[in-house]
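Undergrad: Residue-level listing of the chains:
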Amino acid sequence: MAKKLALIASKGSLDWAYPPFILASTAAALDYEVSIFFTFYGLTLLKKDLSDLKVSPLGNPAMPMPVPMPNFVQMLPGMESMATMMMKQKIASKGVASIEDLRSACIEAGVKLIACQMTVDLFDFKKTDFIDEIEFGGAATFFEFAGESDVNLFI
Amino acid sequence: MDFDKELDARNLNCPLPILRCKKGLSEIEPAQILKIMATDPGSVKDFQAFCKQTGHELLAQDEAESVFTFYIKKRAN
Chain A
195 MAKKLALIAS
205 KGSLDWAYPP
215 FILASTAAAL
225 DYEVSIFFTF
235 YGLTLLKKDL
245 SDLKVSPLGN
255 PAMPMPVPMP
265 NFVQMLPGME
275 SMATMMMKQK
285 IASKGVASIE
295 DLRSACIEAG
305 VKLIACQMTV
315 DLFDFKKTDF
325 IDEIEFGGAA
335 TFFEFAGESD
345 VNLFI
Chain B
265 MDFDKELDAR
275 NLNCPLPILR
285 CKKGLSEIEP
295 AQILKIMATD
305 PGSVKDFQAF
315 CKQTGHELLA
325 QDEAESVFTF
335 YIKKRAN
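These protein sequence lines map, in sequence, to chains A and B. Position one of the first sequence corresponds to residue 195 (the working numbering), numbered consecutively onward. Position one of the second sequence corresponds to residue 265 (the working numbering), numbered consecutively onward.
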């Protein structure tokens, strides 16, 4: 019987979008049955338009910067957009997949994508903002597959 | 070594070589051989791990001028 992987994706920045989709697509390639439960900011990863995913240097002292930069400079308007632009260039130049591509790979491989209904209500998201290939559910839905999974990760 | 299908995963980073490999294997018949080339140094360990977990057979691997080449025999259904 196939192994099962259950992920919770709770973060919605460009950098943190990678772990759930990399792990899910790879696990699917290894014949795992995979489900991802998207909650809170993670729901952003299910939107049709992923172009506004950003990465912030603020509060992230481990982020490699071209030149050392004190915190107060990172607060300035435009810094987040600049960091995001630089990250996207790096991603492309190193042959790292885009989030769109990884998400498509997950969908193609039959990864189940579940959006947290409570978060949708909380943030007044519209169902039409999201891609079609998702289901909506709550914590009990997560445990329905997580309880039977071999690997469970919170990201 | 003879092969039935060839895939170029050069200049792609993790996990793309593995995803391409999986797709390539789905397009050939059991016991046929897929040749795949990659430049990601992490792919060496990853292809071994992929084959170990999926039952496909890693027949051979080599490295020349920073290009890693893998020959993978598709498992029986």
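The set of hints was computed from the structure by calculation and includes no laboratory data. Don't take every hint at face value.
[Unchecked claim] Derived DEER-like restraints, expressed as beta-carbon distance ranges:
hint	chain 1	residue 1	chain 2	residue 2	range
1	A	K241	B	K269	32 to 38 angstroms
2	B	K269	A	D295	20 to 26 angstroms
3	B	D272	A	N265	42 to 48 angstroms
These numbers come from a predicted model, not from an experiment. For each residue, glycine too, the CB sits at the ideal point set by N, CA and C.
Undergrad: Each of the hints needs a verdict: does it hold here or not?
TA: Outcome of the hint check:
1. Take A/K241 and B/K269: their Cβ atoms lie about 36 angstroms apart, and the range 32 to 38 angstroms holds.
2. Distance hint for B/K269 and A/D295: a CB-CB separation of about 22 angstroms, consistent with the stated range 20 to 26 angstroms.
3. The beta-carbon spacing between B/D272 and A/N265, approximately 44 angstroms, falls within the hinted interval of 42 to 48 angstroms.
Of the numbered hints given earlier, the model fails none.
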